[in-house]
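> Below are the chains, spelled out letter by letter.
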Amino acid sequence: MVDWRLYEPLINFARKRSMWIVSFCTGCGGIEMPPLMTSRYDLERFGMMPNPAPRMADLFLITGYVTPKTLKRIIITYEMQPDPKYVLAHGSCPLNGGIYWDAYNAIKHLDKYIPVDVAIAGCMPRPEAVMDGIKKMMELIETGKADGWKRYKENYEYYKKNQDELFGEGWRERTARRWIPWLMNKRKEIGGGEQ
Amino acid sequence: MNLEKEQMIVETILQKAPYAEGKVRRERRIEFRIPPDRIRDFLTLLKENNFESMMQITAVDWLKDGEIELVYQMWSYTHAIHAFVKTRIPRDVDKARAPSVRDIYPVAETYERDAHEFYKVTFEGNDKLEMPWILEDEDREAGVSHRKDFDMLGYVKKKYKLLDRFEEDKENYVI
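Chains A and B are the protein sequences, given in the same order. Under the working numbering, residues 1 to 195 are what the first sequence spells out, in order. Under the working numbering, residues 1001 to 1175 are what the second sequence spells out, in order.
Simulated from the structure, these hints should not be mistaken for laboratory data. C-beta atoms are modelled at their ideal positions from N, C-alpha and C, and glycine is treated no differently. Mixed in with the good hints there might be a few duds.
Label pairs and their computed distance ranges (CB to CB) [said to hold, decoys possible]:
#1 A:Cys28 x B:Pro1090: 36 to 42 Å
#2 B:Val1071 x A:Arg178: 27 to 33 Å
#3 A:Lys153 x B:Val1071: 51 to 57 Å
Take the sequences, apply the hints, and build the full model.
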């Protein structure tokens, strides 16, 4: 029996150099992604790349304000990711609402609903600030302090309670079924309902 | 400034629609006021007079007058003229009704859904008004709207459980 804890530093080093990003841009910070990815700042030299499937991703970038509608999808996507998973929150909106502090459609504290490892202040943070946050994230991963995924498991009741308070019990199923009546009507309109 | 083209279009339309009032606001902007029961007639007339495109239906809440103003914003590609068609309907939720113009301008379906969701105007003849739009179901049930008498800040505090740091001084709210 091999004690895998011996290899933890090596594994952490490897994890830090190969963070894949979920392609999920919320809010206005998505516009900072193209300069980050392209030749000017070039994130790929750190082994990062955007990835179409959450099943293969490590890093979740919350780029900007989060509406309740998006938060539902964020939670579902976050839970789809495999286990060492890290969350990087951009800008002031996920921290305390930012300029949307009195808006009915932007959540105020993201860390009540999913754990956040690194938060970058600014509105919007420039690509340099995002790079700084990514550097910080690499340090935390190497030292094993980026433990948001562990906290999510340990304190799942707390996060679940907050999510249910905001969306109401059984929101996952309700969201999934929301469009069904209208889609059925659509099928009837185009003549496919009878079959 | 030469407003002859605008004057001519306003006069042509007013001749065919004596119930409307119209004027030229400035270059390339004209404005009409019509009674709410003639919306469909008037927009049909505009469509015949080369106003091909509807850009927006804006709802304005006039709290003191007790009325909601619907502004149909029409654009003519032929004349390059923007026409505002203004009409006023009562503000009470059960009386705020207007005829749908979905069959004249198909794009109106979307804008009518928008006005219905945020200003609770019912457009008779549009069967997609209840279709999910921007608001989530929880917000809809709580009656969120952009009408002036809806206490938005109170709703936000209740929904997100924000701490009220200046409870005693509600007039001058400071964060």
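> Hints first: check each against the structure and report whether it holds.
Hint check results:
1. Restraint check, Cys28 of chain A to Pro1090 of chain B: a C-beta distance of roughly 39 Å satisfies the suggested window 36 to 42 Å.
2. Val1071 of chain B and Arg178 of chain A have their C-beta atoms about 31 Å apart, which keeps the hinted 27 to 33 Å range intact.
3. Roughly 53 Å separates the CB atoms of Lys153 of chain A and Val1071 of chain B, a value that falls within the hinted 51 to 57 Å.
Every hint, counting from the list given before, is met by this structure.
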